[in-house]
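Trainee: Below, each chain spelled out in residue letters.
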Amino acid sequence: MTDTVLVIDDDDDLRELVGVALNESGYRVLSAPDGPAGVAAYHAHQPDLVVLDIGLGAMDGLEVCRQLRATGNTPIVFLTSRAEEVDQLVGFAAGADDYVTKPFSPRLLVARVGTILRRGSAEQEEKTHFEVGGLVVDTSSRTASAEGVELDLTRTEFDLLAMLIENPRRVITRDALLERVWGSWYGDDHVVEVHMSRLRGKVKAASGLRVGVAVRGVGYKLGVE
Amino acid sequence: MSSEATAPAESGGVQDFILERQVGVLERAIETLRTCPDDELVAQTHRLSGTLGTYQLTEASRAVRDLYDAVRAEGTDPSDTPRDGAIAVLVRSLDEIRESTGGTSHP
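Sequences listed follow chains A and B, in order.
Numbering of the first sequence is given in the working numbering, commencing with residue 1 and proceeding in unit increments.
Numbering of the second sequence is given in the working numbering, commencing with residue 1 and proceeding in unit increments.
Rather than coming from a laboratory, the hints here were simulated on the basis of the structure.
All values reported here derive from a predicted model rather than from experimental measurement.
By construction, the Cβ of each residue, glycine as well, lies at the ideal position given by its N, Cα and C atoms.
Keep in mind that a hint or two might mislead.
Said to hold, decoys possible - Computed list of chain B residues with no C-beta within reach of chain A, every gap over 10 angstroms:
id, residue
1, L33
2, C36
3, P37
4, D39
5, D66
6, D77
7, S79
8, P82
9, R83
10, E99
Said to hold, decoys possible - On the chain B side, residues computed to face chain A include the following (Cβ under 8 angstroms):
id, residue
11, G12
12, G50
13, T54
Could you put the whole structure together from the sequences, leaning on the hints where they help?
Mentor: What follows is the structure in structure tokens.
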């Protein structure tokens with residue numbers, strides 16, 4: 001599957017160049033010219049990695065990074081002209097995974113992106129056991145429990161729960177859930193709400209835990225309470 | 001051959017794209033330096049230095065970086081900082097690239 005990279009940079013020349021370089025290496029590229037457009041594109045398309053310029057306009061890259069980090073753990077690579085160490089520390093504190101200082105070689109940037117994505121997919125492939133706040137899911141044995149009580153879930157309910165717990169800090173869009181759990185779905189997307197409601201009911205009945213918080217107009221996040 | 005065209009090559013299409021766009025990048029940078037208000041000079045030189053360097057326009061990037069350092073120096077009034085030196089370097093780079101590719105010279 002082709003990885004998607006979102007490039008957020010207000011410099012048209014750099015945004016285009018980074019797009020060409022990533023495209024040539026086989027990535028699907030989305031781009032946004034400012035912070036608000038970048039945040040919107042992130043929620044709409046759920047990219048696999050974000051290349052983010054720190055020196056954006058009104059909403060700077062650090063603020064964009066904080067907003068993305070509030071809802072997900074997608075890797076973020078900062079582009080910056082600020083080579084001073086203090087800026088790097090601020091960038092990493094805001095949640096950046098890597099840092100490329102301008103001027104830069106597009107080949108180097110593409111190599112960094114590739115390394116981060118390979119590392120991420122290797123971690124994802126190896127990990128089959130997930131625990132968040134009393135909820136335990138093992139995707140290899142397809143078992144789940146809440147506060148120690150085993151959950152009797154249908155295939156669909158289990159797949160929904162697995163996708164949420166694999167991305168515990170991320171809002172998963174309805175489209176992403178439909179694609180992962182149902183494959184190509186051409187029917188009513190309220191099917192997600194119906195199965196999510198059943199899943200919530202089973203988890204609550206077994207343990208009192210609440211899972212599957214709806215994020216209005218977007219989708220769901222795990223949100224164990 | 002332009003002195004700006006000696007940076008290490010990127011792979012295939014990326015290098016072609018860079019060479020294709022260098023003239024446009026320089027033209028836009030010159031226009032920005034000529035017209036940007038004094039209170040935007042720090043931000044613009046900061047941005048342009050990175051863009052020019054990434055497009056392998058090393059001398060131009062360095063000249064704009066020097067202007068950025070001068071404007072940013074404590075107590076400096078941007079209106080007192082001559083932009084002409086940096087602009088002259090960029091115009092020269094542009095002329096060199098145009099000559100090396102058979103294009104027209106900068107007015």
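Trainee: When you look at the beta carbon of B/E99, is every beta carbon of chain A farther off than 10 angstroms?
Mentor: 22 angstroms, holds
Trainee: Just double-check B/L33 for me: nearest Cβ-Cβ distance to chain A has to come out over 10 angstroms.
Mentor: Answer for B/L33: holds, closest chain A Cβ roughly 15 angstroms.
Trainee: Examine each Cβ of chain A, and state whether all of them lie more than 10 angstroms from the Cβ of B/D39.
Mentor: Consistent with the label, B/D39 stays out of reach of chain A, its closest Cβ about 15 angstroms off (over 10 angstroms).
Trainee: Under the criterion of a CB-CB separation shorter than 8 angstroms, is B/G50 in contact with chain A as hinted?
Mentor: 3 angstroms, holds
Trainee: Let's test the interface hint: is any C-beta of chain A closer than 8 angstroms to that of B/G12?
Mentor: 7 angstroms, holds
Trainee: Would the non-interface assignment of B/P82 survive a Cβ cutoff of 10 angstroms against chain A?
Mentor: Holds, since 22 angstroms exceeds 10 angstroms.
Trainee: Would the stated hint for B/T54 survive a check requiring a Cβ distance to chain A of less than 8 angstroms?
Mentor: The hint holds - B/T54 has a Cβ within 8 angstroms of chain A, the shortest such distance being about 4 angstroms.
Trainee: B/D77 clear of chain A by more than 10 angstroms, beta carbon to beta carbon?
Mentor: 23 angstroms, holds
Trainee: Find the nearest Cβ of chain A to the Cβ of B/S79 and say whether that gap is larger than 10 angstroms.
Mentor: 23 angstroms, holds
Trainee: Checking the smallest CB distance to chain A, is B/P37 really beyond 10 angstroms?
Mentor: Correct as stated: the minimum Cβ-Cβ distance to chain A is 15 angstroms, above 10 angstroms.
Trainee: Just checking, B/D66 versus chain A, shortest CB gap more than 10 angstroms?
Mentor: Non-interface label on B/D66 holds, nearest chain A Cβ at 14 angstroms vs cutoff 10 angstroms.
Trainee: Evaluate the condition: distance from the CB of B/C36 to the nearest CB of chain A exceeds 10 angstroms.
Mentor: At roughly 14 angstroms from the nearest Cβ of chain A, B/C36 sits farther out than 10 angstroms, so the non-interface label holds.
When held up to the earlier numbered hints, the structure conflicts with none and fits them all.
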